[in-house]
Amino acid sequence: MSDAPLPSDTQDALVPVTVLTGFLGAGKTTLLNHILTAEHGRKYAVVINEYGELGVDNDLVVDADEEVFEMNNGCICCTVRGDLIRILGGLMKRRGKFDGIIIETTGLADPAPVAQTFFADEDVRAKTRLDAVVTVVDALNILQTLKESPEAHQQIAFADVMILNKTDLVDDAQLKQVEDTLRSINAIAPIHRAQKGNVKLTDVMDRGGFDLQRVLEHMPDFLENPEHHHEEDLSSVSLTVKTPLDAGKFQMWIGALLQEKGADILRTKGILNFEGQPDRFAFQAVHMMADGNNIGPWKEGEPRESRLVFIGRNLNRPQLRRGLESCAVA
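In UniProt numbering, the protein residues as written are 1 to 330.
If you're looking for bench data, these hints aren't it; they were derived computationally from the structure.
Have a look at the derived ranges for each label pair, beta carbon to beta carbon: (1) 85 x 33: 25 to 31 angstroms; (2) 243 x 150: 35 to 41 angstroms; (3) 39 x 97: 16 to 22 angstroms.
Given the structure is predicted, the values throughout are model-derived calculations rather than measurements. Note that CB positions come from ideal geometry on N, CA and C, so glycine has one too.
Could you put together the complete structure from these sequences and hints?
Printed below as a string of structure tokens:
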């Protein structure tokens, strides 16, 4: 879905979905319980590891007997997206009973198939929006986990927000090493330190997807450091073009790029300035599946320029830069 908050009338009509991911034992369920028991006056429908659906406050939103995910090894990434689409469809028939949906994936899950669901199905796109992928990271064990698990790399690379949990179990030097490692994989997601998942709800809920302004608040030098490498070949590249873009040229270029390189490009996100359009255009893609929409006028003082971020493997920054610049209006 979109990379930034939608206009309020559209946003109110779409149900925000938060995806909780993170490796085994990182503290996802602890964070989920924190969200559900906090004083916020909101109700959430939850799709959990056992893949039944619960309404918060113990009201069943969907009868678990008839709406249970049965997946290979209980892993959400091993099943057809159709199961998740079916569950979401069932939930949407009970739309008035909750304010948002939280999906907690298993510790071994690649978040990509979950995120792709919000691009792949027209009914899902018409009724829900992917608010954020929140990745919980175990500060004590993550460095070792990254050596052993490609899934852990995927979870961090996909994050819109990282919750660095169990920070009380490591010293300052270890904490810095962990944060530097996380930054090398995903340079754009804010990192919030936590103990037992105790974070501000505004850090994880109602994030509005990818919002470059929030990134710049946490990392003001982000755009000056446009390439971040990792030893596993995962990197992020950020590009800025000040000249307005031709919408048709951009669609042709990005479509061909994702068709050819989509397997290596985990995520693409950006705010774009199309010629002749008064509104900002939010663009996001997961592998080869892309989506985007207008998100309201440019803010006062905000530079009218296009900013695009790629996260993936084998990214060729000069080639990507030339491609984006070729979409600029002559």
